[in-house]
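Keeping the supplied structure of chain E fixed, place chain L upon it in accordance with the hints.
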Amino acid sequence: MRQTACGGPTLAEISLQTWVIVGPPDLAASHTRRLAELGLRVGSRVRVLFDAVGGGKVIAVEHGRVALDQATCRRIPVTLEPLP
Amino acid sequence: MTAGPKTASCHGAPARVRGHSRAPTIALVGPPNVGKTTLFNGISGARATVGNWPGTTIDVDRATWRVGGLTADVVDLPGAYSLDAVSPDEQLTRALLVDAPPDERPSAVILVASATRLSTGLYLFAQLRECGLPLVVVLTMTDVATRRGTLVDVDRLRELLGVDVVIVNPRTCAGIDELAATAARVVPNTASARPCHAPDAEADAADRRFEWAADVVTAAVTRVAEPRRTRSDLVDRWAMSPVVGPVIFLVAMWLVFQATTTLAAPLQRLISSVASGPLTGAMTALLTTVGLGHGWLARFVVDGLIGGVGLLLTFAPLMALMFALLAVLEDSGYLARAAVVADRAMRAIGLPGQAFLPLIIGFGCNVPAISATRVLADSRHRAMTALLVPFTSCSARLTVYVLVASMFFPGNVGNAVFVMYVVSVTLVVVVGIVLRHTLWRTIGRAPLMLELPPYQVPHLRLTTIATWVRLRAFLRTAGGIIIVAVAAVWLMQATPVKGQHQFGDVPVNDSAYAAVAGAIAPVFEPAGFGDWHATGALAVGFVAKEAVVSSWAQTYATERPRDPHTPGDLTRLVRADFSASSGGHQKAAAWAFLMFVLAYTPCAATLAAQRREIGWKLAAWGVAVQLTTAWTLAVAVFQVGRWFG
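In order, the protein sequence lines correspond to chains E and L.
Read left to right, the first sequence gives residues 866 to 949 (our numbering).
Read left to right, the second sequence gives residues -7 to 637 (our numbering).
Hints are not guaranteed to be accurate.
Said to hold, decoys possible - Selected chain E positions facing chain L (Cβ under 8 Å, derived; list incomplete):
id	residue
1	886
2	895
3	903
4	915
5	932
6	945
Claimed, not checked - To spell it out: a stretch of chain L is covered by chain E in this simulated footprint if at least three of its residues, at any positions, have a beta carbon under 8 Å from a beta carbon of chain E; those stretches are:
id	region
7	74 to 85
8	233 to 242
9	358 to 366
10	572 to 582
No wet-lab data here; the hints were simulated from the structure.
No residue lacks a Cβ here, since even glycine has one placed at the ideal position from N, Cα and C.
Next comes chain E alone, as it looks inside the complex (with noise of 0.2 Å):
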């Protein structure tokens, strides 16, 4: 599994249908921002709902949806949200 510098793993890597927590985005400071108003900012609970094309994801944030290409979710870390 391909993982941050900090050790853990990326959106890139989560499997379908999990919930996950966002961390901090190893990303130019306008992408992060752009992450952070499309709902993806750190702490926040999104779900990665299916495989696109070429790599990217489709990840559920709220009641909306957002696409993001394969780099992208590599550069985003997440932690696995605990089970209930």
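Relative to chain E, chain L alone:
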């Protein structure tokens, strides 16, 4: 209530939101794809283009709105997630709200936010509140949120935000009366300079806004059900899947072009028979009655205007069908998915998936497509996309495809048209790869971060409006161009350059038109259509593709005035000339002609749009690339094709 012109653009006139009257101005602001433009059309009766995908609005639309006893100007600003602008369309929104001089800022702002993604709208609300502008919040898509198990407590939200909150369904216009009554209370009676403080740009301030937005959502939104898979998700699982997604996209496009050409054919034949029969007969009889039945005026009116405009009108049903089907795709939300499907192909040429949206618009018309490149944040991505747009096959070129295909491949018109669109997409990719490895070797990667709107059943009223707006624009533009082109072509055909003829009474072979077209013709001999009739039409098509078919028909009509108007005659004459110029390989020459039409400069208006967006140098360089590509492709197709027949 009236719709006014677009008032500002990123690169055109200086940004200003206020009109010149003393009426107050209300700005519609909000994240992309929350229904702003649909609301704008609903409250003003305007007919701005709407679409269920991010980036539909890239200019500012203006209209008049009667709010209670008050008449206000209402402006529809491009969608923006925040006032921290990334792309030129977002910069325009910021410029008009924050950076404009005080007397040019709006008197009030209506923030449109989706109940399905309330926190996204609240971040922008927080920034607008810091600006100090009077605010009203419109909440849309509450029905979708309710279906998905989310209930918004509007009273609580009103209390937390400290402003009026109105629920509106822009698609059905429900709630617009309440919005008007609210706006009448909030909006100042007259235009007055508003204070507006730029929002704090520090990262800490952004964090505080996000936290505040999250707190408001927690307090005002109740989730009665855990988010679950929606019907949109079920469709998207296939529509964006790595294998099936591209297949679905190609099938959808194939169906659009098959349905367009097949269903429109009977109506086209009907209009053609009316134009070439009763209409021509009536006009000839009228001119004969007044003693002008055989002169230059008769040829100009009957052969030129009625022939050219009549031929164009035969394409009106075809255009209406194509615009309607594309409007259905837009309104359904599929086009945003198409951008994701295309992301991998776009990355091969160094562009992000969002660049696919301007390219899709290009299949309707290249001019707005070039303006739509403003949704891209990186200037090199914008320039490259603007240079690729002319290779997307616009609707005006469709008229030529259908005419040529019906002449040379009468049983396979739909398939031939589909092939042209596949070649168009291929050209975009191939030229893009070449540009990336020559002009923009260091072009950066932009991430794909695209919000996907929920699928929705296309609304008949919105689809009809979108279809009518585009069809009317096509007919207006094409009509005007054709009248000018017909007049110019006629003038050249009436001017003798050989023999002893008088002006207006000259065999077309001895005219200035034939001389100019004949001088160009040898260039196209390797492509199999080095015939002056064809090259003359191509030269006229440099101004606009709508004029290709009319000038072509006009040439044959003037040359052989006894049999000009029936489609069969035009077909026979064109086939005979192509057969002669290609050494008997007329079908290969027809394909080569189609390829040249596809790839060479679309029209003068596209060139002007490119100059505005990327400057003269790159625009001129683009023309050179288009002409080189078109000629090379046409020659290659003919030289290979003639081995097959």
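Status of the hints after comparison with the structure:
1. For residue 886(E), the suggested interface contact is broken, since its CB lies about 14 Å from the closest CB of chain L, more than 8 Å.
2. The restraint placing residue 895(E) at the interface with chain L holds, with a minimum CB-CB distance near 6 Å, inside the 8 Å limit.
3. Because the smallest distance between the Cβ of residue 903(E) and any Cβ of chain L comes to about 6 Å, under 8 Å, the interface hint for this residue holds.
4. Residue-level restraint check for residue 915(E) holds (minimum Cβ-Cβ distance to chain L is 5 Å; threshold 8 Å).
5. With a least beta-carbon distance of about 5 Å to chain L, the hint placing residue 932(E) at the interface is held under the 8 Å criterion.
6. Hint on residue 945(E) is violated. Least Cβ distance to chain L is approximately 17 Å, over the 8 Å limit.
7. Taking a C-beta to C-beta cut-off of 8 Å, the region 74 to 85 of chain L contributes 3 residues in contact with chain E, enough for the three needed, and the coverage statement holds.
8. Proximity of the region 233 to 242 of chain L to chain E, defined as three or more residues with a beta carbon under 8 Å from a beta carbon of that chain, is established by the 4 residues found.
9. Coverage of the region 358 to 366 of chain L by chain E is violated in this model, with 0 residues showing a Cβ closer than 8 Å to a Cβ of that chain against a need of three.
10. Using a Cβ-Cβ cut-off of 8 Å, 0 residues of the region 572 to 582 of chain L lie near chain E, which falls short of the minimum of three, so the contact claim is violated.
The structure is inconsistent with the numbered hints 1, 6, 9 and 10, although it conforms to all the rest.
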